[in-house]
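Asker: Got two chains here, each in a separate frame; can you build the complex from them with the hints?
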Amino acid sequence: MSEQPSVPDIKEPATSAAGDSIPVVPLKHPVRLALAIVLILVALSAAWDVAVNERYRWDIVVSYLFAPQILAGAGLTLLLTVVSMTVGIALGTLLAIMRLSDNPILSTISRGYIWFFRGTPLLVQLIFWYNIAALYPVIAFGLPFEGPSVVLGSANVLISPLGAALLGLSLNEAAYMAEIIRGGIGSVDKGQYDAARALGMSGGKLMNRVILPQAMRVVLPPTGNQVISMLKGTSLVSVLAISDLLYSAQIIYANNYQTIPLLIVASLWYLLMTTVLSFFQNKLERRYGRGFDSAPRRIRKPKTRTA
Amino acid sequence: MTTAMVEARGVRKNFGVIEILKGIDLRVEKGSVTCLIGPSGSGKTTFLRCINHLEKVDAGRLYVDEHLVGYAERNGKLYEMKERQTARSRLNAGMVFQRFNLFPHMTVLENIIEAPVHVLGRPRREVVVEAQALLDRVGLGNRGHSYPQELSGGQQQRIAIARALAMKPKLMLFDEPTSALDPELVGEVLDVMKSLAEAGMTMVVVTHELGFARQVADQVVFMDGGVVVESGPPEEVLDNPRQERTKAFLSKVL
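Keeping their order, the protein sequence lines are chains A and B.
Add 19 to a position in the first sequence, counting from 1, and you land on the number used in the numbering used here.
At position 149 of the second sequence (counting the first as 1) the number is 144 in the numbering used here, and the numbers step up by one without a gap.
So here's chain B without its partners, still in its complex pose (with noise of 0.2 Å):
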């Protein structure tokens, strides 16, 4: 068996009296990408912040890279991790934001370097060529001086992927992150992350974009009232899919 990059076993979530995942089991194999697609309030968000521990799991176990996020378990219990040790965790995985929540206060090459040097303690002068780099590959290379601001949605979120991957992680995740951007400014972002999927990163990401599930996503996970309905490749779920629910959602947004 190869080991999965996130192995959820059982996740739930809950706000209030309101149960938001229901029992999540999901496999997600290292180097492969995973879409999540489901209607509004199925939970896809609130799953992928679990992931990161941005969300208190309830019950259930999820593990990334074989390390149960935000507990210790010992002696048959879970203690919960401190925050230091929960911040340490999430290191693993990158994530970019909707509103692709860069720094405004700092400048591009700023928010970039803002975490290596000052969470990882890294020499600027090193991360600062790092950071270049991640730029250029981006296609931003001359906007390092620029503030956020002063830069389009589709620029201000190549930037935020560009902030997630200067730390290296093992795994990125996306939550909705062209839904905020003008539909022309859409197709730059999802090509940064196709040339991502390409160079082998593992990836979950939620979207709505389902040409971009089907083009390269290894595996797409239809979501919805907190359960997980359906998921297999693309080709099956979203071509063939087996649930009616799945149908259902499917012919509404095709």
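Next comes chain A alone, as it looks inside the complex (with noise of 0.2 Å):
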């Protein structure tokens, strides 16, 4: 610890020698603290209403919240989004592996993927995969240009509408993705090559012990930015007809007509996946977050400082 360099701490008001104190009056901010308690007496007054004004019908929330189909629903919504986000990042990181190759094929296949699943919507690509039997009614392994192949069977039935929909929201994540784990690749430092390098590391294990930790950093924000839209993008698969979360309140408020308490009630499920989802993100930045950051301390203010 004697090493430690001393940093030049200038925070440290200079106090005269030999450990006397002095005492520190902090500043005043009373515009600041008006506001505070301006926004206070709104949210409390809105949460206020929101609570007595019946037509609400809190009651109606609180029988559905735990219906079968409501959760039936929320874990299909669960379902499409782990899948989907796992495909699609396992896929993007391969595309933008290809995408910084040296061999311009590579890149070139990576750049067109990414320009057309990001450039067309994901609405219209859902309802292609969804078709897709119009087009290719039966689906083979084999040679291409007429070669032999291996029937799988009839798209029909292998991509049925959940398949459809995990076909539709994988790819086009993966476009997403592939940008986002290019930039983080491409925001380490030159120098963590060579030092691996110089190790004898190379390909995959210099990627995967070296660079992809380190991209991390940078990932994980958007990645879960990412998930998060995911999770309610997953509501466009209803257009499948899949009981997904949204679907399922849909189709109980198209029977008995209470619209608002049903979609409170879908809301609610989505705010406390998106919590835990964001729980979870907080833990993963602070683990790739290790080395860079300096421990987050809390440092309280002191009322007093000592020289």
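It should be emphasised that the hints constitute simulated quantities derived from the structure, not laboratory data.
Computed from a predicted structure; not experimentally measured.
Incorrect hints may appear among the rest.
[Claimed, not checked] Here are the computed lysine to aspartate or glutamate pairs in the EDC-like style, where the Cα-Cα straight-line distance is at most 20 Å: (1) B:51 <-> A:213; (2) B:51 <-> A:304; (3) B:17 <-> B:219; (4) B:163 <-> A:208; (5) B:189 <-> B:219; (6) B:72 <-> B:105; (7) B:247 <-> B:234; (8) A:224 <-> A:213; (9) A:224 <-> B:105; (10) B:51 <-> B:78; (11) B:51 <-> B:75; (12) A:224 <-> B:78; (13) A:209 <-> B:239; (14) B:77 <-> A:121; (15) B:165 <-> A:165; (16) B:163 <-> B:125; (17) B:165 <-> B:183; (18) A:209 <-> B:50; (19) B:163 <-> B:61; (20) B:77 <-> A:78; (21) B:25 <-> B:193; (22) B:51 <-> B:2.
[Said to hold, decoys possible] With beta-carbon atoms standing in for the labels, derived distance ranges: (23) A:205 <-> B:127: 45 to 53 Å; (24) A:301 <-> B:220: 51 to 59 Å; (25) A:41 <-> B:137: 33 to 41 Å; (26) A:58 <-> B:127: 52 to 60 Å; (27) A:173 <-> B:67: 20 to 28 Å; (28) A:120 <-> B:115: 25 to 33 Å; (29) B:69 <-> A:179: 53 to 61 Å; (30) A:41 <-> B:186: 51 to 59 Å; (31) B:73 <-> A:159: 57 to 65 Å; (32) B:72 <-> A:101: 30 to 38 Å; (33) B:248 <-> A:40: 47 to 55 Å; (34) A:126 <-> B:67: 22 to 30 Å; (35) A:127 <-> B:247: 46 to 54 Å.
In this text, a Cβ means the ideal position worked out from N, Cα and C, and glycines have one as well.
Answerer: So, in structure tokens, the structure goes:
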């Protein structure tokens, strides 16, 4: 510890020597305080109004909050999000590495993929995959240009509405994740490649052990955004008649006409899920921020400072 | 004839149309210390990176421990090595960089054991013991669990030296190891390098520290414009240079 260089501590006031203390009077912020009080009053009155306004029908909200149909919808929404994000991140990483490749064919293919899937609406892509059987009634594995092939089955059977939804969401997400991950990889200092190579690393090991863990720090915050917008974006799949959270709520209020209470039910579940996901995002960010940010320390302002 | 650790014959290197190295001939004997000096842009760093094949040699031959660097010679042709083979061949040389290039997401100890464990596949427990000994050797025995960012530049560079030594290289390459340091931190890094030289390590050092070169080097090589202008023992090159360009350079930096 003795070798720790003394950081020039400019915040320390120049006090006379020998440990005497000087009382510090903190600066007052009257305008800030007044504004805070006003905002608290506004927030409280709004909350009060929401609580007592009978037309919100909180009794209906509560009765449907744990309805089996809603729970199943929330589960499906979560499933769609987790699977699409996982596939999207894996494929996106591959696309990002291809995009950064020295080989012009690989990087052009990656660029083309990103161009296409970011440039067309997700809704169109979802409907396209849903109707893929119209273009390709039979799905088969085989050699190109009419070569021999193995028939896997009818497209209508293989690509169910859920399959179409997962395909559409994953492939679309991969394009966005590719750009995010490319940015993360680009943010890693070139000296890190030199150092890793000089230690005998190459290829996958260099990427996995040195570059990607550092890219994570830059990749995580926008990825958190993507997860949250994916969670809510999955509501688009209701066009494929998949009973996700929103679609389940819609089915119920189509019958009982309690539109607002059921939308509140759905929103509460969306809020809960995004909150939980944000919590994990925070943990991950802290995990991958190690060694970059100084450890988060809470410094209490002391009333007096000793020199 | 003794065998050289590094032998360069007519090494050339271009970046696009600019010729950085215009035919370098150089021998580094085993167990000797060679200091490369010269103005910036003279090709010192590029040559050092060629020794480790971080840069490809465009023409000429470069041997490290009698093995051609980065190429395999068969039937009078040079075949470029695969990345994995090149990576293997780099294990002969340890390299220390101007900007340290420690892995910021790993602790000091993890930095040092990373390559022995994950490249050489050695047992972690054994490597940790060696790493601790290396940390003690560079005077940072109690810093194993710090992150690089928490250390001063001089400390980081000493860790970088320990990290390179953990691979038990036959040769150590230093690329301006003290240029990014505050003046008062230069000494601690040079001390570690001196003790390394005394222990008989073969070293090639690109440096602006002429005092270090005079004290430690067996051979000083003055480069300018992509060629070796003059080389020899420090008392010849630094104190009685024969070439005008060497004299002009030394008069500016001394």
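Asker: Work down the list of hints and note, for each, if the structure agrees.
Answerer: Here's how the hints hold up against the structure:
Straight-line distance between C-alpha atoms of residue 51 of chain B and residue 213 of chain A comes to about 13 Å, which keeps the hinted pair within the 20 Å bound. For the proposed pair residue 51 of chain B and residue 304 of chain A, the alpha carbon gap of about 38 Å is over 20 Å, so the pair is violated. Of the supplied pair hints, the one linking residue 17 of chain B and residue 219 of chain B holds, its CA atoms being roughly 10 Å apart against a limit of 20 Å. A threshold of 20 Å between alpha carbons decides the hint, and for residue 163 of chain B with residue 208 of chain A the separation of about 26 Å lies outside it, so the pair is violated.
A C-alpha spacing of about 26 Å is found between residue 189 of chain B and residue 219 of chain B, which places the hinted pair above 20 Å, so the restraint is violated. For the hint pairing residue 72 of chain B with residue 105 of chain B, the CA-to-CA distance comes to about 41 Å; that exceeds 20 Å, so the pair is violated. As the CA atoms of residue 247 of chain B and residue 234 of chain B are separated by approximately 14 Å, the hinted pair is consistent with the 20 Å bound. Of the supplied pair hints, the one linking residue 224 of chain A and residue 213 of chain A holds, its CA atoms being roughly 14 Å apart against a limit of 20 Å.
A threshold of 20 Å between alpha carbons decides the hint, and for residue 224 of chain A with residue 105 of chain B the separation of about 15 Å falls inside it, so the pair holds. Between residue 51 of chain B and residue 78 of chain B, the direct Cα distance comes to roughly 12 Å. Compliance with the 20 Å bound is thereby established for this hinted pair. Among the hinted pairs, residue 51 of chain B with residue 75 of chain B is consistent with the structure: their alpha-carbon atoms are about 9 Å apart, no more than 20 Å. The suggested pairing of residue 224 of chain A with residue 78 of chain B holds, with an alpha-carbon distance near 12 Å, which does not exceed 20 Å.
At most 20 Å may separate the alpha-carbon atoms for a hinted pair to count; residue 209 of chain A and residue 239 of chain B exceed this at roughly 37 Å. In summary, the hint linking residue 77 of chain B to residue 121 of chain A is supported, as the alpha carbons are separated by about 15 Å, within the 20 Å threshold. The straight-line distance between the Cα atoms of residue 165 of chain B and residue 165 of chain A is roughly 58 Å, outside the 20 Å bound, and the hint therefore fails. A C-alpha spacing of about 11 Å is found between residue 163 of chain B and residue 125 of chain B, which places the hinted pair at or below 20 Å, so the restraint holds.
Proposed proximity of residue 165 of chain B and residue 183 of chain B is contradicted: the alpha carbons are some 23 Å apart, above 20 Å. With a C-alpha separation of about 14 Å, the suggested pair residue 209 of chain A and residue 50 of chain B falls inside the 20 Å cut-off, and the hint holds. For the hint linking residue 163 of chain B to residue 61 of chain B, the alpha-carbon distance of about 18 Å falls within 20 Å, and the restraint holds. Restraint check for residue 77 of chain B and residue 78 of chain A: not satisfied, since their Cα atoms lie roughly 70 Å apart, outside the 20 Å limit.
This hinted pair checks out: residue 25 of chain B and residue 193 of chain B have alpha carbons roughly 13 Å apart, not beyond 20 Å. Between residue 51 of chain B and residue 2 of chain B, the direct Cα distance comes to roughly 16 Å. Compliance with the 20 Å bound is thereby established for this hinted pair. The beta-carbon spacing between residue 205 of chain A and residue 127 of chain B, approximately 36 Å, falls outside the hinted interval of 45 to 53 Å. Judged by the Cβ atoms, the range 51 to 59 Å given for residue 301 of chain A and residue 220 of chain B holds: they are separated by roughly 55 Å.
Range check, residue 41 of chain A to residue 137 of chain B: about 36 Å between beta-carbon atoms, so the 33 to 41 Å window is met. Distance hint for residue 58 of chain A and residue 127 of chain B: a CB-CB separation of about 56 Å, consistent with the stated range 52 to 60 Å. Separated by about 53 Å at the C-beta atoms, residue 173 of chain A and residue 67 of chain B break the suggested range of 20 to 28 Å. Restraint check, residue 120 of chain A to residue 115 of chain B: a C-beta distance of roughly 28 Å satisfies the suggested window 25 to 33 Å.
Between residue 69 of chain B and residue 179 of chain A the CB atoms are about 57 Å apart, so this pair conforms to the stated range of 53 to 61 Å. Range check, residue 41 of chain A to residue 186 of chain B: about 42 Å between beta-carbon atoms, so the 51 to 59 Å window is missed. Between residue 73 of chain B and residue 159 of chain A, the C-beta spacing of about 47 Å breaks the proposed range 57 to 65 Å. Distance hint check for residue 72 of chain B and residue 101 of chain A: the Cβ-Cβ separation is about 53 Å, which falls outside the suggested range of 30 to 38 Å.
The hinted range of 47 to 55 Å is satisfied by residue 248 of chain B and residue 40 of chain A, whose Cβ atoms lie roughly 51 Å apart. For the pair residue 126 of chain A and residue 67 of chain B, the beta carbons lie near 29 Å from each other, so the given range of 22 to 30 Å is met. Evaluation of the 46 to 54 Å hint for residue 127 of chain A and residue 247 of chain B yields a pass: the beta carbon distance comes to about 49 Å.
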